[in-house]
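**Student:** Chains as they are written, first to last, in this note's numbering: chain A, 1 to 315; chain B, 1 to 97.
None of these hints come from the bench; they were simulated from the model.
Treat the hints loosely; a few may be bogus.
Partial pick of chain A residues on the chain B-facing surface, computed with a CB cut under 7 Å [claimed, not checked]:
1. 25
2. 29
3. 73
4. 86
5. 100
6. 107
7. 121
8. 152
9. 154
10. 156
11. 172
12. 282
Covered by chain A, according to a simulated footprint, are these stretches of chain B (three or more residues, beta-carbon under 8 Å) [said to hold, decoys possible]:
13. 4-12
14. 18-27
15. 36-43
16. 58-66
17. 69-81
All C-beta atoms, glycine included, are put in the ideal place defined by N, C-alpha and C.
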Amino acid sequence: MSLVLDLCLALAVIGVAVWTLAVRGNFPAVIGFVAYGLLLALVWVRLGAVDVALTEAALGAGATGVILLFAVVRLRGGKAEIDAATPSGPQRIAAGLLCAVVGIGLAAAVVTLPEPAPSLAAEAARHLPALGVANPITGVLMAYRGLDTLLEAVVLVFAVLAIWTMAPDRRWGGVPGPVFPVQSSGPLSLLARVLPPIGIVVGIYVAWVGADAPGGKFQGGTILAAMGILAWVAGLWRLPPTSARGLRWAVVAGPLAFIGVGLLGFVIADGFLAYPPSLAKPLILLIEGAMTLSVAAALILMVAGPPEGGGRRAP
Amino acid sequence: MIFGLTGSALVALGLYGLVTQPALLRKILAFNLLGGGVFLLFGVMARRGAVVDPVPQALVITGLVVAFAATALALVLVLRLFQITGAATIAEDEAPP
Numbered sequence: 001m002s003l004v005l006d007l008c009l010a011l012a013v014i015g016v017a018v019w020t021l022a023v024r025g026n027f028p029a030v031i032g033f034v035a036y037g038l039l040l041a042l043v044w045v046r047l048g049a050v051d052v053a054l055t056e057a058a059l060g061a062g063a064t065g066v067i068l069l070f071a072v073v074r075l076r077g078g079k080a081e082i083d084a085a086t087p088s089g090p091q092r093i094a095a096g097l098l099c100a101v102v103g104i105g106l107a108a109a110v111v112t113l114p115e116p117a118p119s120l121a122a123e124a125a126r127h128l129p130a131l132g133v134a135n136p137i138t139g140v141l142m143a144y145r146g147l148d149t150l151l152e153a154v155v156l157v158f159a160v161l162a163i164w165t166m167a168p169d170r171r172w173g174g175v176p177g178p179v180f181p182v183q184s185s186g187p188l189s190l191l192a193r194v195l196p197p198i199g200i201v202v203g204i205y206v207a208w209v210g211a212d213a214p215g216g217k218f219q220g221g222t223i224l225a226a227m228g229i230l231a232w233v234a235g236l237w238r239l240p241p242t243s244a245r246g247l248r249w250a251v252v253a254g255p256l257a258f259i260g261v262g263l264l265g266f267v268i269a270d271g272f273l274a275y276p277p278s279l280a281k282p283l284i285l286l287i288e289g290a291m292t293l294s295v296a297a298a299l300i301l302m303v304a305g306p307p308e309g310g311g312r313r314a315p
Numbered sequence: 001m002i003f004g005l006t007g008s009a010l011v012a013l014g015l016y017g018l019v020t021q022p023a024l025l026r027k028i029l030a031f032n033l034l035g036g037g038v039f040l041l042f043g044v045m046a047r048r049g050a051v052v053d054p055v056p057q058a059l060v061i062t063g064l065v066v067a068f069a070a071t072a073l074a075l076v077l078v079l080r081l082f083q084i085t086g087a088a089t090i091a092e093d094e095a096p097p
């Protein structure tokens, strides 16, 4: 039974992927991509990776879908140009053959993987009690591979900065993204009024529960960001200008806390990002809390895009 | 096993789209399809042992967040290119604006 389910799911994922590539319009392609992300999240559940499924559904399908839709609405025309640049039949057949070789090579590698599989699961589980977290994935993210997670946190800050620099000079420091009119009635207005109080509680809960169950700062931060975006799109919440000090602190709070705790490791433990066993849990909580805030702020700013209104006066 | 083959197929499909689609927006979509396939392959590796290995899963979560940041930046670059030049592709034989 589960084999049939897996097979149907696999075929659906591949079918949606083909459709996303083949369909002519940009809009249906993006919708196809969102469906692809949600189906992929189901695949992750089938693989027993609920943490990854949450992240995939929230970020891969949800947040990516939103920024893609924003882009589709603004990219108009260009059909003749695109037709002129479309590769000819023989070129496409050649590309298809080469890509098929890559795919078959990967499939062959998957089929002939060595048995037994190497695994770090036992290793990862052994030291969890010392960290005070029960979710092995949070343990890996925060302790064993803490440096990767720190670098990723910094990537988010740099991504926000890079997006801001795409604004014209006169808009620097202005309000990010378009300003939406206030929706006083309709489904969007209702959702934006009813959902955020619930969503904010759920987001904080998901971030908090990440220590012991599937969840964590990225999943929780994404839910918080979604609530902010909902209120923003409905016109109920004005984004602060990018020159606002509080906004900038919110973006860097997580990485700063992470680096601060990392440096503290030199003093109270035996190196960068090392936690003393007695303080591991409170330090991890401090980082996770600050990171949840920063992830939410960075995601909202990435969805909003470069500053489009206000900004400094022309020189 | 099924999902391993699915991941391989997604990588091939995404790569094909990345190479043959001329519009930049569609290239970004194809690149994300490819990324989904790579992550899936990684997840299948994590599933093979007796117990699920948390290390690849944690790295996939990191990867998803970075992929989103990269996609957001890529889309802003495409939009800016479109605003400045009106171009939706990076075809070489295009007349300079």
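**Student:** Now tell me if each hint is right for this structure.
**Tutor:** Okay, the hints, checked on the actual structure:
For residue 25 of chain A, the shortest C-beta to C-beta distance to chain B is roughly 10 Å, which exceeds 7 Å, and the interface hint is violated. Interface restraint check for residue 29 of chain A: the shortest CB-CB distance to chain B comes to about 6 Å, inside 7 Å, so the restraint holds. Interface restraint check: residue 73 of chain A against chain B, minimum CB-CB distance 10 Å, threshold 7 Å, status violated. A distance limit of 7 Å between C-beta atoms decides the matter here; for residue 86 of chain A the minimum to chain B is near 5 Å, and the interface restraint holds.
For residue 100 of chain A, the interface hint holds, since its Cβ comes within 7 Å of a Cβ in chain B; the closest pair sits about 6 Å apart. Hint status for residue 107 of chain A: holds, given a least beta-carbon distance of 4 Å to chain B, under 7 Å. With a cut of 7 Å, the hint placing residue 121 of chain A at the interface with chain B holds, because the nearest CB-to-CB distance is about 4 Å. For residue 152 of chain A, the interface hint holds, the least distance from its beta-carbon to any beta-carbon of chain B being 5 Å, beneath 7 Å.
Hint status for residue 154 of chain A relative to chain B: violated, with the closest Cβ pair at about 11 Å, above 7 Å. Taking 7 Å as the C-beta cut-off, the interface hint given for residue 156 of chain A holds, the closest approach to chain B being about 6 Å. The beta carbon of residue 172 of chain A is not positioned within 7 Å of any beta carbon in chain B (closest approach about 14 Å), and the interface hint is therefore violated. This hint is violated: residue 282 of chain A has a C-beta 21 Å from the nearest C-beta of chain B, more than the 7 Å allowed.
Residues of the stretch 4-12 of chain B lying with their CB closer than 8 Å to a CB of chain A number 9, which satisfies the three-residue condition for coverage. By the rule of at least three residues with a Cβ nearer than 8 Å to a Cβ of chain A, the coverage given for the stretch 18-27 of chain B holds, with 7 such residues. Counting residues of the stretch 36-43 of chain B whose beta carbon lies closer than 8 Å to any beta carbon of chain A gives 5, which reaches the threshold of three, so the coverage claim holds. Restraint check on the stretch 58-66 of chain B versus chain A: 8 residues with Cβ-Cβ distances below 8 Å, three needed, restraint holds.
As drawn, the stretch 69-81 of chain B meets chain A at 11 residues by the rule of a beta-carbon pair under 8 Å; at three or more, the given contact holds.
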